[in-house]
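Protein chains: 2
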Amino acid sequence: MAESIRAEIIAVGTELLTPHYTDTNSLFITEKLNECGFEVRLKSVVGDNKEDIVDLLQRALLRSQLIVLCGGLGPTEDDLTRVAVAEVLHRPLTTDPQLLLMIRKRYLSRSIAMPKINERQAEVIDGAEIIDNAWGTVPGMWIQENASHIVLLPGPPNELIPMMEEMIVPRLKALGGGRQLARRLLYVSRMTESAVDALAAPIYTKYPEIRTTILSSINQISLSFSRWIEPGEEEADLNELTNAVCEVLGDAVFSTQGQSLEQVVGNQLRDSQHTLAVAESCTSGMVGTRITNVPGSSDYFLGGILCYSNAAKENLCGVSRETLERFGAVSTETAEELARGVRQALGSTIGLSITGIAGPGGGSAEKQVGLVYVGLSDGSRTLSYRRIFPGDRDMIRKRAATYALSSLRKFLL
Amino acid sequence: MAESIRAEIIAVGTELLTPHYTDTNSLFITEKLNECGFEVRLKSVVGDNKEDIVDLLQRALLRSQLIVLCGGLGPTEDDLTRVAVAEVLHRPLTTDPQLLLMIRKRYLSRSIAMPKINERQAEVIDGAEIIDNAWGTVPGMWIQENASHIVLLPGPPNELIPMMEEMIVPRLKALGGGRQLARRLLYVSRMTESAVDALAAPIYTKYPEIRTTILSSINQISLSFSRWIEPGEEEADLNELTNAVCEVLGDAVFSTQGQSLEQVVGNQLRDSQHTLAVAESCTSGMVGTRITNVPGSSDYFLGGILCYSNAAKENLCGVSRETLERFGAVSTETAEELARGVRQALGSTIGLSITGIAGPGGGSAEKQVGLVYVGLSDGSRTLSYRRIFPGDRDMIRKRAATYALSSLRKFLL
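Protein sequence lines correspond, in order, to chains A and B.
Here this note's numbering is used: position 27 in the first sequence is 181, and no number is missing along the way.
Here this note's numbering is used: position 42 in the second sequence is 196, and no number is missing along the way.
Simulated from the structure, these hints should not be mistaken for laboratory data.
Even for Gly, the Cβ is constructed at its ideal location relative to N, Cα and C.
Treat each hint with caution, since some may be false.
On the chain A side, residues computed to face chain B include the following (Cβ under 10 Å) [as the list claims (entries may be wrong)]:
1) A165
2) T168
3) D177
4) S180
5) L181
6) T184
7) P324
8) A328
9) S378
10) C436
11) T437
12) S438
13) V441
Output of the computed footprint for chain B on chain A, the stretches with three or more beta carbons under 8 Å from beta carbons of chain B [claimed, not checked]:
14) 199 to 208
15) 248 to 259
16) 462 to 471
Each computed DSSO-like pair below joins lysine-lysine, with the alpha-carbon atoms no more than 27 Å apart [said to hold, decoys possible]:
17) A:K360 / B:K204
18) B:K360 / A:K270
19) A:K360 / B:K270
20) B:K564 / B:K552
21) B:K360 / B:K327
22) A:K259 / A:K270
23) B:K360 / A:K552
Take the sequences, apply the hints, and build the full model.
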C-alpha cells in the first residue's frame with residue numbers, strides 16, 4: 155500500500171479565532187493536497203502572535219514534510235508570518251528590490267500610491283522561491299529546509315485559491331511523485347444512516363485497505379471510499395467495493411459522480427421531456443431555489459406558487475375550500491390538490507407540492523410539528539407521501555425540501 | 155484593562171481532516187469560552203494518532219490555562235483521547251464501576267445490549283471529575299493539572315452543545331471570575347465594505363482598547379466592537395463608539411441586536427400592518443425562503459409566485475406581452491409590472507419583485523450577467539432599483555435576494 159506524504163496546515167490570524175469565522179481555506183487546501191499525494195495530518199489556527207507561530211512551526215518541522223502557512227503576510231505590524239518563519243529557519247529577511255518594484259507597479263496599475271508600510275511585503279526569506287500573486291499584491295514563498303518544504307500563502311480566499319491552483323499544485327504534483335487519494339462517492343436518499351450502514355458494512359469491512367466514511371447531512375447520506383494509490387496502481391478493489399455497495403442499496407443511490415439531487419432530478423426531467431411546477435407552503439421557496447441552482451434549469455422548470463396562506467392555496471392553486479376545511483392545509487388531500495392545481499396554473503407536465511408544519515407553533519395532538527406531505531401529479535397519476543421530520547424549524551424545512559426532490563426522483567424513475 | 159485567560163481547543167478525529175468536514179464545534183466552544191472570560195489563542199485539529207495528541211497536549215499545557223479536547227472518546231481502538239491524556243499526565247486510567255453501571259443502564263433504557271467494547275467508555279483518568287452526558291453514552295471529564303484545566307468532551311455536536319451549555323459553562327464562569335468579552339454588533343446593508351470603513355475608521359481608531367472588525371458577507375456587512383471587561387467594569391466606551399458609528403452610518407444600519415434582515419423587515423411589516431407577496435424570477439424562491447425563516451411570518455407573508463418562465467410572468471403576474479417583448483424580462487418595466495401584479499394576485503398590500511440574469515448563460519452586450527432589477531409596489535407608489543452584482547450564479551442570486559430585502563426595508567422606512 156502506498157504511503158502518503160505527511161502535511162500540515164497552519165492558518166495565521168487573530169480574526170480566525172473568533173466564533174464567527176468559518177474556515178474554508180483549510181478544506182480547499184486539504185482537497186488539493188490530497189489530489190497531489192499529501193495527507194493532512196494536523197491543522198492549526200493561531201493568532202497574530204510570533205511566539206505561537208514559531209512554536210507551531212518548530213514542532214511541524216519535526217514531523218511533517220510539507221507545511222502550508224496561510225495568512226499573516228500583510229503589511230502591518232500584526233502580520234508576523236514572515237518574521238516567525240525566518241526566525242525558526244535562522245535565515246535573514248531582506249528586501250528584494252525587484253519584488254519591491256513589482257509591488258509598486260501593481261499599485262500604480264490600480265492608480266493607487268503604494269503606502270510606505272507596504273514595502274514590508276517585498277521582504278523575502280533567504281533562499282525562498284517567490285510565488286507570484288497575480289490576484290493581489292503580496293507574493294507567496296516556497297522554502298526548502300532539509301527534507302521539508304514550507305509554503306507561505308496569503309489568507310484571503312480570492313488570492314489563496316487561484317495561487318494554490320495555478321502556482322502551488324504543479325509544484326506539489328512534482329513533489330508527490332504521482333501518488334493520489336483515489337475516491338468513490340455515493341449519495342443516497344430516503345434511507346437512514348444506520349440502515350445504509352447495516353447494508354454496506356458487511357461489504358466494506360472486507361476491504362480493510364479502503365477507508366470508508368458515512369456522513370449524514372440534510373441533502374443526502376454520503377458514502378465515501380478512498381485509498382492512496384501509487385502511479386499506475388490498479389483501483390480494481392475500489393470499483394469492486396463501490397459496485398457491490400451500489401447493488402445492495404439499489405434505487406436509493408441517486409448519484410455516483412457527486413451530483414446533487416437537484417442536478418439528478420433536472421437530468422431526469424430533461425431526458426423525459428417533462429416540465430415542472432412547484433407549489434410550496436411550509437418550504438416557501440426552498441425547492442424552487444434548489445431546482446434553479448442548476449444552470450439551464452429553465453429547460454424544464456416553469457415556476458411555482460408560494461402558497462403560504464390558505465387564500466393562496468385556494469385562489470392560485472385551486473385547492474377547494476371544502477378540502478381545506480375538512481382535511482386541513484396539512485393533509486394528503488391538500489397536497490394532492492396542490493400538485494394538480496399548480497400543474498394546471500403553470501401549464502407544466504408535472505406538479506410537485508409540499509405542505510407541512512415547520513413549527514415552532516402550529517402543531518397539535520393530531521398533527522405534530524414536523525409533519526410534512528409531498529404531492530405529485532402528472533395529470534394521469536396523482537399521489538402523495540407523508541413523513542414526520544425531527545429538528546427545529548430550519549431543519550424541518552430543509553429536510554422537507556430534500557424529501558420533495560427525492561420524491562420527484564422516485565416518481566420519475 | 156482586564157486580562158483574559160488563555161484557552162485552546164484540540165479537536166480529535168481523522169474524519170475532521172478531510173476536505174468535506176466543516177468545523178462548527180470550535181466556533182460554538184469559542185463563543186461560550188469568550189462569554190466566560192476565556193480567550194481562544196490556538197485551535198488544532200488532529201487525527202486519531204496518539205503520538206500527535208500527546209505532543210499537542212504537552213505543548214498546550216506549557217502555554218494555556220484551559221484546554222478543551224473534543225472527540226476521540228468513543229469505544230473503538232481509534233478513540234485515543236483518554237489514553238493520550240492519561241499518558242501526558244502520568245496518571246492511571248481505571249474502569250469506574252459506578253460509571254460502567256450507568257452506561258449499561260443507558261443502553262438498557264434504549265433496549266439495546268451494551269457491546270463489550272463499550273466498557274472502555276467507563277475508563278476514567280485518575281483524579282478526573284466525571285461530566286455526565288445525558289445526551290449520549292460517553293461522559294466527559296474535567297481534570298485539574300497544576301494551574302491548568304483540561305476538559306474532555308465527546309465530538310458529536312448534539313452531545314457536545316448541551317454538555318457545554320449545561321455542564322461546562324457554569325464551571326467556566328466560576329473559573330473565569332466574572333470576566334467576559336463585551337461586544338456590540340452592527341449590521342449594515344446597501345454599502346460597500348470600504349465605504350463603511352471610510353466612515354467608521356476615523357471614529358474607531360480613537361478607541362485603541364476596543365477591537366474593531368469589519369466582515370463582509372452576502373447577507374450584510376458586520377461591524378463588531380469588543381473588549382474584555384472585569385466584573386462591574388463600565389462599558390461606556392463601547393456604547394459611545396457604537397453610537398457614534400451608528401450616527402455616521404445612518405439608515406444603512408439595519409440591526410444593532412444581531413437580527414437578520416428578514417427579521418427586521420418582518421417587524422417593519424407587522425408594525426405597519428402591511429402584508430407582503432413576492433414575485434421571484436432569477437432568485438426563484440430565495441426571498442420567500444428567507445422571509446419564512448422567521449417564525450410567525452404568516453402574520454404578514456401571504457405567499458408568492460416563482461415566475462421563472464415568461465409565461466408565468468404573463469399569466470400569473472399580469473406582465474403584458476408588450477412589456478416583455480419591448481423591454482425584456484429583465485427591465486425596470488417588467489420589475490414594476492411584476493410587483494403590481496403579484497400584489498394583486500395574492501391580495502397583499504405590498505408587492506416585491508426580482509428579475510435578473512444569474513448566469514452563466516443569458517447575458518448580452520446590453521444586459522450583462524449579474525444585472526438585477528427589484529420592483530416594489532404598495533398600490534399608490536411603484537418603483538424599482540437596478541444593480542449589477544459580481545460573482546458566480548449562486549453569489550448573484552444570493553446578493554439579489556439580500557438586495558430585494560434591503561430594498562423592501564428602505565421602501566418601508
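Hint check:
1. A165: Holds - the Cβ of A165 of chain A comes within 10 Å of chain B, reaching about 9 Å at its closest.
2. T168: holds (8 Å)
3. D177: Nearest chain B Cβ about 6 Å off; hint holds.
4. S180: holds (8 Å)
5. L181: holds (5 Å)
6. T184: holds (4 Å)
7. P324: With a closest approach of 19 Å, the P324 of chain A hint is violated.
8. A328: violated (21 Å)
9. S378: holds (8 Å)
10. C436: holds (8 Å)
11. T437: holds (7 Å)
12. S438: Nearest chain B Cβ about 4 Å off; hint holds.
13. V441: Holds: closest Cβ of chain B sits about 7 Å from V441 of chain A, inside 10 Å.
14. 199 to 208: Result for this restraint: holds, n = 5.
15. 248 to 259: violated (count 0)
16. 462 to 471: Per the Cβ count (6), the hint holds.
17. A:K360 / B:K204: The given pair, whose Cα atoms are some 26 Å apart, holds under the 27 Å limit.
18. B:K360 / A:K270: Given that 27 Å is the threshold and the Cα spacing comes to 22 Å, the pair holds.
19. A:K360 / B:K270: Judged against 27 Å, a Cα distance of about 22 Å means the pair holds.
20. B:K564 / B:K552: holds (18 Å)
21. B:K360 / B:K327: violated (31 Å)
22. A:K259 / A:K270: This hinted pair holds, its Cα atoms lying about 14 Å apart.
23. B:K360 / A:K552: violated (45 Å)
In terms of the numbered hints stated before, the structure departs from hints 7, 8, 15, 21, 23, listed from lowest to highest.
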